[in-house]
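Enquirer: Sequences listed follow chains A and B, in order. Sequential numbering from 1 applies to the first sequence in my numbering. Sequential numbering from 1001 applies to the second sequence in my numbering.
Among the hints, erroneous ones may be present.
[Said to hold, decoys possible] SDA-like mimics (lysine to any residue), calculated; alpha carbons at most 25 Å apart, straight line:
1. A:K530 with B:D1257
2. B:K1530 with A:A536
3. A:K524 with B:R1527
4. B:K1530 with A:A528
5. B:K1524 with A:G537
6. A:K524 with B:K1530
7. B:K1033 with B:G1413
8. A:K22 with A:R160
9. A:K530 with B:Q1516
10. B:K1530 with A:E126
11. A:K524 with B:K1033
12. B:K1524 with A:E128
13. B:K1033 with B:A1066
14. B:K1022 with B:E1041
15. B:K1524 with A:R52
16. A:K524 with B:G1413
17. A:K530 with A:E126
18. A:K524 with B:G1519
19. B:K1033 with B:R1393
20. B:K1524 with A:K345
21. B:K1524 with A:G542
22. A:K524 with B:H1397
23. B:K1530 with A:V255
24. B:K1530 with A:E159
25. A:K33 with A:R52
26. B:K1530 with A:S110
27. B:K1022 with B:R1140
28. B:K1524 with A:D233
29. B:K1530 with B:E1128
30. A:K345 with A:A253
31. B:K1022 with B:H1397
32. A:K22 with A:S110
33. B:K1524 with A:P541
34. A:K530 with A:E159
35. A:K530 with A:R160
36. A:K524 with B:P1034
37. A:K524 with A:G497
38. B:K1530 with A:E520
If you are wondering where the hints come from, they were derived from the structure by calculation, not from laboratory data. Everything numeric in this text was worked out from a predicted model, so none of it was measured.
Protein chains: 2
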Amino acid sequence: MAFETQAGPDDTAPALPLPPMKWDAWGDPALAKPLSQDIRELLGAALGVTARESSAPSAAEVVLRASALTEEDLAALAAVVGTGHLSTADADRLPRAGGKSTPDLLRRRSREPQDAPDAVVLPGDEDEIAALLALCSQRRIAVVPFGGGTSVVGGVDPERGALRAVLSLDLCRLDGLLALDEVSGEAVLGAGLTGPQAEELLAARGWELGHYPQSFRYATVGGFAATRSSGQDSAGYGRFDDMVRGLRVVTPAGVLDLGRAPASAAGPDLRELFLGSEGVFGVITAVRLRIHPVAAARVHEAWSFPDFATGAAALRAVAQQGAGPTVIRLSDEAETAVNLAMTDKIGGSQVAAGCLAVTVFEGTREQVDSRHARTREVLLAAGGSSLGEEPARAWEHGRFNAPYLRDSLLDAGALCETLETATDWANLDRLKSAVTEALQSALTKAGSASLVMCHISHVYPTGASLYFTVVAAQSGEPLAQWGAAKQAAGDAILAAGGTITHHHAVGVDHRPWMEQEIGEVGVKILRAVKDALDPAGILNPGKLIP
Amino acid sequence: MAFETQAGPDDTAPALPLPPMKWDAWGDPALAKPLSQDIRELLGAALGVTARESSAPSAAEVVLRASALTEEDLAALAAVVGTGHLSTADADRLPRAGGKSTPDLLRRRSREPQDAPDAVVLPGDEDEIAALLALCSQRRIAVVPFGGGTSVVGGVDPERGALRAVLSLDLCRLDGLLALDEVSGEAVLGAGLTGPQAEELLAARGWELGHYPQSFRYATVGGFAATRSSGQDSAGYGRFDDMVRGLRVVTPAGVLDLGRAPASAAGPDLRELFLGSEGVFGVITAVRLRIHPVAAARVHEAWSFPDFATGAAALRAVAQQGAGPTVIRLSDEAETAVNLAMTDKIGGSQVAAGCLAVTVFEGTREQVDSRHARTREVLLAAGGSSLGEEPARAWEHGRFNAPYLRDSLLDAGALCETLETATDWANLDRLKSAVTEALQSALTKAGSASLVMCHISHVYPTGASLYFTVVAAQSGEPLAQWGAAKQAAGDAILAAGGTITHHHAVGVDHRPWMEQEIGEVGVKILRAVKDALDPAGILNPGKLIP
């Protein structure tokens, strides 16, 4: 072979640094969560879930579609990034072959040939990214920007569109703390930094970003921006898009450096066009972010409300009065009954009556005390009963672990998936009922009893998010089973006035609802921007834009 | 004449409701502010300003360029809006011939033929607006959306671009409170409502929007959105763009209804493309806004700081610690010396030593007390001395009146104008010095001593705005004199890392700096959106997009 890639002799040894996640399950195998006896009994009794023999392949057994790239393609790519930063080895392609939705994980269990990017490249800077985009535009190769690979909506699926091949452009080498302005409270972070890497760099200087989505341990700064991520501390520090002061983006049409000032009236805010752009307009390379000093004090308090409506009204009062919690969440009756908010207690005896709420307060001692006092007063007046700090600490302890549980549930023969939306306070109950009913009736139609649980995890003065967790017994065709339920839920969300996604982004899975979400003229705008920036259509085809 | 417009026999009587502003000066003639003896003496002594004979024409004396519309055009327009909502009378065209910048007001004083829209239309609903846009696209007639006419950047200049004629599309008939959701705290307001009209409709139900820019009395809800306005209460209630939950926009390509949820990850936030779009992409017809209950309590306190740097650091601490004032402002030494922040005391004996700061707190009694206490503590620790409530009340009393003073200054032979920018806290001093020096040296070069004053009126955790007021003796060619100073200031702003405008918008006057502001690729995006939505290029030509 004229051109040597970094593939090992049998393609089973990776040539590049691996993404932080296991290829066929969430996260780090060492942190796997086997199901407790409580959960197993619950699954059998309530949902009729029975264990199945697994026939899932090991990584070495997976058959990947062969790379479609030619030697000339590979030589040209290597001329840009260097041979050490390019690979066609299966062991590099497989971990970047998709995200972590339940359908992704079900597909990974197949012994049929699986799809994967034709090669993986690890550019080292913006110039290399610009050169890659030019090369791929010319050679008709699609490019999927890759961060932590945590998408649950198909955002990193290796789709080629009408092109010859597809590259996974892994941003892991853009991992610097590029600037720290301690007067303005801002940091410029490389797009490839994972949540923990970013926080570690900042913490060494006494600062924190404070963005903790469930994907925190694996997802990246660039991914947070490209998907409008929202973290569990959003009540205190805002959504990720709220924190973004500036963005650098490399597009096939040139580089953008957006965000000259904390606020501006110089026309449309173009940052907001790249936040949520999911790699279809360009590759985000660096993000300037509002940061805050590491909290000196923290206080936890859990609450019980007699029912979801009372609890929701209490959270609304907290948000509208600006009482100031850093975290505030409310589980509905179903979630509370199985302790879903506390990973280590799931399925055990019920910790809270009615509906459990969790609050956490961060800041200086004085800020924490006054925020806590104000929030307590509002929650008490709204019908809450304090449960003390322990259940809130239990929530925090397991805050990133729920996805591990899903892996164990899938292994045990259960179907488990989540979906989310948001709406105004006045419409919250109607939306919650509509989605619950849609999920349950779609799963019943497919022959499965189901458990649909819900919580509020992000509040705003005018409304809130709703996050649903669904568990059912797997049918013989779980992909089709979930597909029908997801279709029913998405239709119900749009019909009941919600947004198709509050923080999971669009990817492939939510694309069918985008025209309903933003209208025909909205779609026309996205297409016009796409054509202007990426005329060859190489960037993440098949995602976001219908 | 086959087609009769609503023009009176001599074109001097208006046929349509008049815009709320005097045609050749700010606001309501009854509120004019003659210069006090103190100010006259200050102008003469410090700047060598001497009174001039005015040769300005009366409205009846102004010679307007004749309407270029044909009888067929007018018949087609009347078929859409009705003859009662269309006029070519000079008396209707003149008050919509431009905004209220100093150059606008100087141009109004000319006896040469003046430019004006070829006709004024007052559509009554979205369908009529859509029909007008279709008609104008077909007949190659430009359309300038018109709200309160308060633009200070040429945003409503009657430019035709390459088209045959230009219409002023006055939105005053879209004046309804279209929905009020007291649970979510949201109102849908018609785009043509002025600030006072909107607040009156809301106050009748116990609610407030809380958006008080200096143009509040005349500017409209649609204009606030189209220009990313920022009000004096921005510390408490946010900028206007922060308040916008949803927008309806009529474009030549169809209608957009944006903002399904309080927050969403369903791709780019397209609201942010129409906020600040200044009528070039479409006509904003209704805005869904976050509102709050009318404040039960208010507290005022003024402060003195030894110098601007100390005061700015104090405001920074307040913003970064989230202490919660509704209004917080800081005048520099020059503004403080002439009491510019208190309209009725300007030029009198200096009220505050060093630099004056003003704070106002609104909310429930409890909120106001705790916000006030926290803010006091921060300001005291940062080196402030309390001046009690009186100077803060004096600021509030005159908060909308400064533009009247400018009219009197122009009459008295002085040149007076304002400009504004914003940047990060770490860059604030550098930007302030650069702009001050650029203004002073440009005016000195043209032979005039000048007084350049500055204040901070909008604060963010990461930075703040800077608002400059310039006074000098008018030269024989005041338009050219100001043009050179404005050019120097704009160049200095961009060179020193500021935004070309924090809340005055772009219009014609800031357009030359837009490519530097958002980059070549940013401009390409705006042009692509424009081409997609307005292929005939009828909407507000010559504004915003370079």
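Enquirer: In ascending order, which of the hints set out earlier in this document are inconsistent with the structure?
Expert: 10, 11, 13, 14, 15, 16, 20, 22, 24, 26, 27, 28, 30, 36
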